[in-house]
Amino acid sequence: DSGVTQTPKHLITATGQRVTLRCSPRSGDLSVYWYQQSLDQGLQFLIQYYNGEERAKGNILERFSAQQFPDLHSELNLSSLELGDSALYFCASSVTGNSPLHFGNGTRLTVT
Amino acid sequence: ELKVEQNPLFLSMQEGKNYTIYCNYSTTSDRLYWYRQDPGKSLESLFVLLSNGAVKQEGRLMASLDTKARLSTLHITAAVHDLSATYFCAGPLEGSGSRLTFGEGTQLTVNP
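One line per chain: the protein sequences are W and R, in this order. Mapping of the first sequence onto our numbering: position 93 corresponds to residue 93, and the numbering continues sequentially without gaps. Mapping of the second sequence onto our numbering: position 14 corresponds to residue 14, and the numbering continues sequentially without gaps.
Just so you know, these hints were derived from the structure itself, not from any lab. Keep in mind that this is a model prediction, so the values were computed, not measured. It is possible that part of the hints are untrue.
What the hints assert, rightly or not - Cross-link-like lysine to aspartate or glutamate pairs, in silico, EDC-like; alpha carbons within 20 Å at most:
| # | chain 1 | residue 1 | chain 2 | residue 2 |
| --- | --- | --- | --- | --- |
| 1 | W | 57 | R | 1 |
| 2 | R | 41 | W | 62 |
| 3 | W | 9 | W | 75 |
| 4 | R | 68 | R | 1 |
| 5 | R | 68 | R | 30 |
| 6 | R | 56 | R | 44 |
| 7 | R | 3 | R | 30 |
| 8 | R | 17 | R | 58 |
| 9 | W | 57 | R | 44 |
| 10 | R | 3 | R | 66 |
| 11 | W | 9 | R | 104 |
| 12 | R | 17 | R | 94 |
| 13 | R | 56 | R | 30 |
| 14 | W | 9 | R | 44 |
| 15 | R | 41 | W | 54 |
| 16 | R | 17 | R | 30 |
| 17 | R | 3 | R | 94 |
| 18 | W | 57 | W | 75 |
| 19 | R | 3 | W | 40 |
| 20 | R | 68 | R | 5 |
| 21 | R | 41 | R | 104 |
Said to hold, decoys possible - To give an idea of the interface, some chain R residues facing chain W are shown, with a C-beta separation under 7 Å as derived from the structure:
| # | residue |
| --- | --- |
| 22 | 33 |
| 23 | 42 |
| 24 | 43 |
| 25 | 45 |
| 26 | 48 |
| 27 | 98 |
| 28 | 102 |
| 29 | 104 |
The C-beta atom is built at its ideal place from N, Cα and C for all residues, glycine as well.
Next comes chain W alone, as it looks inside the complex (with noise of 0.2 Å):
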């Protein structure tokens, strides 16, 4: 067990719709990290947030945004979801340096 929670475990909604996909880190974590995992792209690092403020963006869309709370817990909202957002999408956190990344057990989203 990793300490990092992701909820839900499954998602299955249909396009255009909005999801939200939670994340809290292993207690004492400050970074927060989102990641893709498809079948085509393989795992595609998406946004990073540290202590609350966005710290990093990868190759996320603009369809998608995330936040992290006060209590460190994040939110990676996706909407007008698209049949190629099916995807594993990761949390992860750590600390600072060179730790490396601890994974959630992730979300798998399915875009009907």
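Please build the complex by placing chain R on the supplied structure of chain W, with the hints as guidance.
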């Protein structure tokens, strides 16, 4: 931006055999990570390699780093079925920092 390439992408081997997975990266990086992922599951951190010549071992897995060659290897000794998984190498997106970019993954199947 760091690019990470793994080979082979698919590896089928018999129990008891040895094999090596290779990870080449494109630019200077101050460290390299190896992760394991079981199907549909989270990513588990295996090794963090921080310096040239670093070697780490855990059970039947041994990882090494050659920063001059921009190459990391994951060596499997006397494979067992439980090692069947996908193995990823990863490095910092900008060569340093905490955001990681991942290779495509090597899907390892160990047959009895």
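Hint check:
Proximity of residue 57 of chain W to residue 1 of chain R is assessed by CA-CA distance (about 13 Å); at most 20 Å being required, the pair is judged to hold. Between residue 41 of chain R and residue 62 of chain W the CA atoms are separated by roughly 27 Å; this puts the pair beyond 20 Å, and the hint is violated. Straight-line distance between C-alpha atoms of residue 9 of chain W and residue 75 of chain W comes to about 14 Å, which keeps the hinted pair within the 20 Å bound. Between the alpha carbons of residue 68 of chain R and residue 1 of chain R the distance comes to roughly 18 Å, so the proposed pair stays at or under 20 Å and holds.
Taking the CA atoms of residue 68 of chain R and residue 30 of chain R, the gap is about 11 Å. The hint holds against a cut of 20 Å. A threshold of 20 Å between alpha carbons decides the hint, and for residue 56 of chain R with residue 44 of chain R the separation of about 16 Å falls inside it, so the pair holds. For the given pair, residue 3 of chain R sits about 14 Å from residue 30 of chain R by alpha-carbon distance, which is consistent with the 20 Å threshold. A hinted pair counts as satisfied when its Cα atoms are at most 20 Å apart, and residue 17 of chain R with residue 58 of chain R qualifies at roughly 17 Å.
A threshold of 20 Å between alpha carbons decides the hint, and for residue 57 of chain W with residue 44 of chain R the separation of about 23 Å lies outside it, so the pair is violated. Distance restraint check for residue 3 of chain R and residue 66 of chain R: the Cα-Cα separation of roughly 16 Å lies within the 20 Å cut-off, and the hinted pair is therefore satisfied. A threshold of 20 Å between alpha carbons decides the hint, and for residue 9 of chain W with residue 104 of chain R the separation of about 24 Å lies outside it, so the pair is violated. Between the alpha carbons of residue 17 of chain R and residue 94 of chain R the distance comes to roughly 36 Å, so the proposed pair goes past 20 Å and is violated.
With a C-alpha separation of about 16 Å, the suggested pair residue 56 of chain R and residue 30 of chain R falls inside the 20 Å cut-off, and the hint holds. Restraint check: the Cα-Cα separation between residue 9 of chain W and residue 44 of chain R comes to about 17 Å, which is no more than 20 Å; the hinted pair holds. Between the alpha carbons of residue 41 of chain R and residue 54 of chain W the distance comes to roughly 27 Å, so the proposed pair goes past 20 Å and is violated. Simply put, residue 17 of chain R and residue 30 of chain R have alpha-carbon atoms about 32 Å apart, too far for the 20 Å limit, and the pair is violated.
Using a Cα cut-off of 20 Å, the hinted pair residue 3 of chain R and residue 94 of chain R holds, with the two alpha carbons roughly 10 Å apart. For the suggested pair residue 57 of chain W and residue 75 of chain W, the alpha carbons sit about 15 Å apart, so the restraint of at most 20 Å is met. Of the pairs offered as hints, the one joining residue 3 of chain R and residue 40 of chain W holds, with about 17 Å between alpha carbons and a cut-off of 20 Å not exceeded. Between the alpha carbons of residue 68 of chain R and residue 5 of chain R the distance comes to roughly 16 Å, so the proposed pair stays at or under 20 Å and holds.
At most 20 Å may separate the alpha-carbon atoms for a hinted pair to count; residue 41 of chain R and residue 104 of chain R meet this at roughly 16 Å. Interface restraint check: residue 33 of chain R against chain W, minimum CB-CB distance 5 Å, threshold 7 Å, status holds. Interface hint at residue 42 of chain R: satisfied, since its Cβ lies 5 Å from the closest Cβ of chain W, which is below the 7 Å cut-off. Hint status for residue 43 of chain R: holds, given a least beta-carbon distance of 4 Å to chain W, under 7 Å.
A hinted interface residue such as residue 45 of chain R counts as satisfied when its beta carbon comes closer than 7 Å to some beta carbon of chain W; here the least separation is about 4 Å, so the hint holds. Proximity of residue 48 of chain R to chain W holds as hinted, the smallest CB-CB distance being about 5 Å (cut-off 7 Å). For residue 98 of chain R, the suggested interface contact is upheld, since its CB lies about 6 Å from the closest CB of chain W, less than 7 Å. Proximity of residue 102 of chain R to chain W holds as hinted, the smallest CB-CB distance being about 4 Å (cut-off 7 Å).
About 5 Å separates the beta-carbon of residue 104 of chain R from the nearest beta-carbon of chain W, less than 7 Å, and the hint is met.
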